[in-house]
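Q: Chain by chain, the residues:
There are 2 protein chains.
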Amino acid sequence: VKTIRVKTKPPYTVVIGEGALGKLPSVLRNVSPSKVVIVSSPRVRKHWGTELERVLRATRMPSYWIEVPDGEQHKTLRTVEAITRSMARAGADRRSVVIAFGGGVVGDMAGFAAATFMRGISLIQLPTTLLGQVDASVGGKTGVDLPEGKNLLGAFHQPKAVIVDLRFLSTLPSRQFRAGLFEVLKCGFIADRSLLGYCERHREEILRCEPDALLSIVSSALQVKAKIVAADERESGQRRILNFGHTIGHAIEAATRYRSLLHGEAVAWGIIAAAEIGANVGVTRPDHAERIVEAVMAFGPLPPVTAKPREVLSRMKADKKNVYGIPHFVLVPEVGSAKVVKGVDPRIVRAAVEGICQA
Amino acid sequence: VKTIRVKTKPPYTVVIGEGALGKLPSVLRNVSPSKVVIVSSPRVRKHWGTELERVLRATRMPSYWIEVPDGEQHKTLRTVEAITRSMARAGADRRSVVIAFGGGVVGDMAGFAAATFMRGISLIQLPTTLLGQVDASVGGKTGVDLPEGKNLLGAFHQPKAVIVDLRFLSTLPSRQFRAGLFEVLKCGFIADRSLLGYCERHREEILRCEPDALLSIVSSALQVKAKIVAADERESGQRRILNFGHTIGHAIEAATRYRSLLHGEAVAWGIIAAAEIGANVGVTRPDHAERIVEAVMAFGPLPPVTAKPREVLSRMKADKKNVYGIPHFVLVPEVGSAKVVKGVDPRIVRAAVEGICQA
Numbered sequence: 202v203k204t205i206r207v208k209t210k211p212p213y214t215v216v217i218g219e220g221a222l223g224k225l226p227s228v229l230r231n232v233s234p235s236k237v238v239i240v241s242s243p244r245v246r247k248h249w250g251t252e253l254e255r256v257l258r259a260t261r262m263p264s265y266w267i268e269v270p271d272g273e274q275h276k277t278l279r280t281v282e283a284i285t286r287s288m289a290r291a292g293a294d295r296r297s298v299v300i301a302f303g304g305g306v307v308g309d310m311a312g313f314a315a316a317t318f319m320r321g322i323s324l325i326q327l328p329t330t331l332l333g334q335v336d337a338s339v340g341g342k343t344g345v346d347l348p349e350g351k352n353l354l355g356a357f358h359q360p361k362a363v364i365v366d367l368r369f370l371s372t373l374p375s376r377q378f379r380a381g382l383f384e385v386l387k388c389g390f391i392a393d394r395s396l397l398g399y400c401e402r403h404r405e406e407i408l409r410c411e412p413d414a415l416l417s418i419v420s421s422a423l424q425v426k427a428k429i430v431a432a433d434e435r436e437s438g439q440r441r442i443l444n445f446g447h448t449i450g451h452a453i454e455a456a457t458r459y460r461s462l463l464h465g466e467a468v469a470w471g472i473i474a475a476a477e478i479g480a481n482v483g484v485t486r487p488d489h490a491e492r493i494v495e496a497v498m499a500f501g502p503l504p505p506v507t508a509k510p511r512e513v514l515s516r517m518k519a520d521k522k523n524v525y526g527i528p529h530f531v532l533v534p535e536v537g538s539a540k541v542v543k544g545v546d547p548r549i550v551r552a553a554v555e556g557i558c559q560a
Numbered sequence: 202v203k204t205i206r207v208k209t210k211p212p213y214t215v216v217i218g219e220g221a222l223g224k225l226p227s228v229l230r231n232v233s234p235s236k237v238v239i240v241s242s243p244r245v246r247k248h249w250g251t252e253l254e255r256v257l258r259a260t261r262m263p264s265y266w267i268e269v270p271d272g273e274q275h276k277t278l279r280t281v282e283a284i285t286r287s288m289a290r291a292g293a294d295r296r297s298v299v300i301a302f303g304g305g306v307v308g309d310m311a312g313f314a315a316a317t318f319m320r321g322i323s324l325i326q327l328p329t330t331l332l333g334q335v336d337a338s339v340g341g342k343t344g345v346d347l348p349e350g351k352n353l354l355g356a357f358h359q360p361k362a363v364i365v366d367l368r369f370l371s372t373l374p375s376r377q378f379r380a381g382l383f384e385v386l387k388c389g390f391i392a393d394r395s396l397l398g399y400c401e402r403h404r405e406e407i408l409r410c411e412p413d414a415l416l417s418i419v420s421s422a423l424q425v426k427a428k429i430v431a432a433d434e435r436e437s438g439q440r441r442i443l444n445f446g447h448t449i450g451h452a453i454e455a456a457t458r459y460r461s462l463l464h465g466e467a468v469a470w471g472i473i474a475a476a477e478i479g480a481n482v483g484v485t486r487p488d489h490a491e492r493i494v495e496a497v498m499a500f501g502p503l504p505p506v507t508a509k510p511r512e513v514l515s516r517m518k519a520d521k522k523n524v525y526g527i528p529h530f531v532l533v534p535e536v537g538s539a540k541v542v543k544g545v546d547p548r549i550v551r552a553a554v555e556g557i558c559q560a
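One line per chain: the protein sequences are Y and H, in this order. Take the position in the first sequence, starting the count at 1, then add 201; the result is the number in our numbering. Take the position in the second sequence, starting the count at 1, then add 201; the result is the number in our numbering.
Take these hints with a grain of salt, some might be off.
No distinction is drawn between identical chains; accordingly, a pair holds when it is met within one copy or between any pair of copies.
What the hints assert, rightly or not - With a Cα cut of at most 20 Å, we get these calculated EDC-like pairs of lysine to aspartate or glutamate:
id, residue 1, residue 2
1, K540, D488
2, K518, E349
3, K236, E349
4, K210, D433
5, K210, E434
6, K210, E436
7, K247, E268
Rather than coming from a laboratory, the hints here were simulated on the basis of the structure. Remember, predicted model here, so these are calculated numbers, not experimental data.
Can you make the complete structure from the sequences, with help from the hints?
A: Next up, the structure:
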């Protein structure tokens, strides 16, 4: 079991490993909650509910399950309202703790519920997908979608702890596992060349979910995330580099109505496009752009982007990362580094988007 | 025009006076927003919309009005969703600012919208009711009600500035004005004996809305609030004394379904009950309890509490200020001081509630 400290104010710990769930009782004893509220999906509860209940039983703390439907289409204020109303009826109070037990969508919604219930109560992230483990659970971003755009409503609410039990990945559908790998690669591209090298050399072990390989890539990706988040808790500067591939990725998700592509897959296409944009504006070294595209493809194949280029481009204009209506791009000069670039020639953007939409 | 500094992190300024609205342009220049979103009610816009637009025109900043229905029954997630969707459609971004232009309900909802839109954007409070000016606009509390209870969902989100223009009170219905006076008195009871003395000596001038009297009581009440809020931004300790009269007051509001009493009126009844409880448990000096009740009555008459005592008592058990299900009471040992007391004999609470329900 490895441990990473996220140096936000206040700081918190990420525990990573096979069986990391065993650390939950000591985390809960530190929080000392009046009640434990578990927000989860039916699928996760079916696979791992008994195991979590076994661990909780030892703490003798009163606990209460709230099941929510999984899937981006349910990441709405309506679901958060249902969660928080259920918490109120169950007698949750300011000293209660929410455990977000599921993938990124459950983590976002349970986190937003914890951020806003009685103006903020304690939260523990217990992510069960690779995407949740390497990305969504750390950093305090919580929220829901509006019909007008993804994650338009939310809060920064850092968890008291994050427990990353790699056993949960054994019941994850393979497509979802691979989608999470693109966020791992992203961490390599923007900040950790050796993580990228590891992914390139150990592709087979990673895809077979070998424990050593999983522990290595998940903890490296979390190191990157923890460091960037601590330096810029509320995304006013450096943290934006974590959005590498996300400007176009989010637009692809919106243009395809969150149906044909998983988040990680859309980000993978966004990374491919960002590599091409970077090369064409002269920011990304051409050989590095090629390496990025190859590394992404090696974890493919990706489902095709079925939207029209102009739909993707129009969604980009509505992206919440825009300021004064101007899209910002995160570009990678050389693998292991990243910077935010504005004023990219729209023709270069259009060409890159056309490239992935025709693929 | 008086100025009070609220020493939160970061700090902000409250500007108070007839014509304080004239300070808005310089506040806006400091924020330097991409767009100004004004959230207001039809009534406030009708009375003061032209005046605000005149002041905004000088800044040449693009502005956009969102009207929301007033009244506690509309303080819901549904209204916040409507506000934020409207913001998204109007092209608001992370650099936009929300101006909450209305009473406490508008301030709570516009504040919650600003707290959560794109995970938090700038907010300026421009309160138009006495309650909003002396209480709701300062301190960063924002939120909405759930069917299960008042203010169950929300966020702490401090404004960039609060502008308290006393001219707005001239169009306020007299009953609403008097309801706000009870929050002024509350500040006197818990922390400022000289404010209480002023209210007792200048009752007539206050009720006639004489400018000097208004400036005096509003700025004194805000001094109290600013000091307490800065010492305990997230209500983990001392700030709870601001809830004097609110434990029973909130229960009365819930038991009467937010219909027959205004918030300030329910708090007034709660203060009367808390004075009696304080005297009966031996915390409040009897002559001071009497002085509290008399000061409240002098700004009456109050509409009767039409709920049954057991309805009020059962609502108290669901109060979000409870921890582990135990109600906490704020009691005033002597006027000008307050403390949080737990373990109050339920029979004494019941007797006090019966006293005000029969009134």
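Q: Hints first: check each against the structure and report whether it holds.
A: Status of the hints after comparison with the structure:
In this assembly of identical chains, the alpha carbons of K540 and D488 lie at most 20 Å apart only when taken from the same copy (18 Å versus 68 Å across copies). When the C-alpha separation of K518 and E349 is checked against a cutoff of 20 Å, the pair qualifies only within one copy, where the shortest distance is 12 Å, while the shortest distance between copies is 39 Å. In this homomeric assembly, K236 and E349 come within 20 Å of each other (Cα to Cα) only across copies, at 18 Å, whereas the closest approach inside a single copy is 36 Å. When the C-alpha separation of K210 and D433 is checked against a cutoff of 20 Å, the pair qualifies both within a copy, at 11 Å, and between copies, at 17 Å.
In this homomeric assembly, K210 and E434 come within 20 Å of each other (Cα to Cα) both inside a single copy, at 9 Å, and across copies, at 15 Å. Proximity of K210 to E436 under the C-alpha cut-off of 20 Å is found in both arrangements, the shortest distances being 14 Å within a copy and 18 Å between copies. Taking the closest pair of Cα atoms, K247 and E268 come within 20 Å of each other only inside a single copy of the chain (11 Å); across copies the shortest separation is 46 Å, beyond that limit.
Figure legend: structure checked against the earlier numbered hints; every hint is met.
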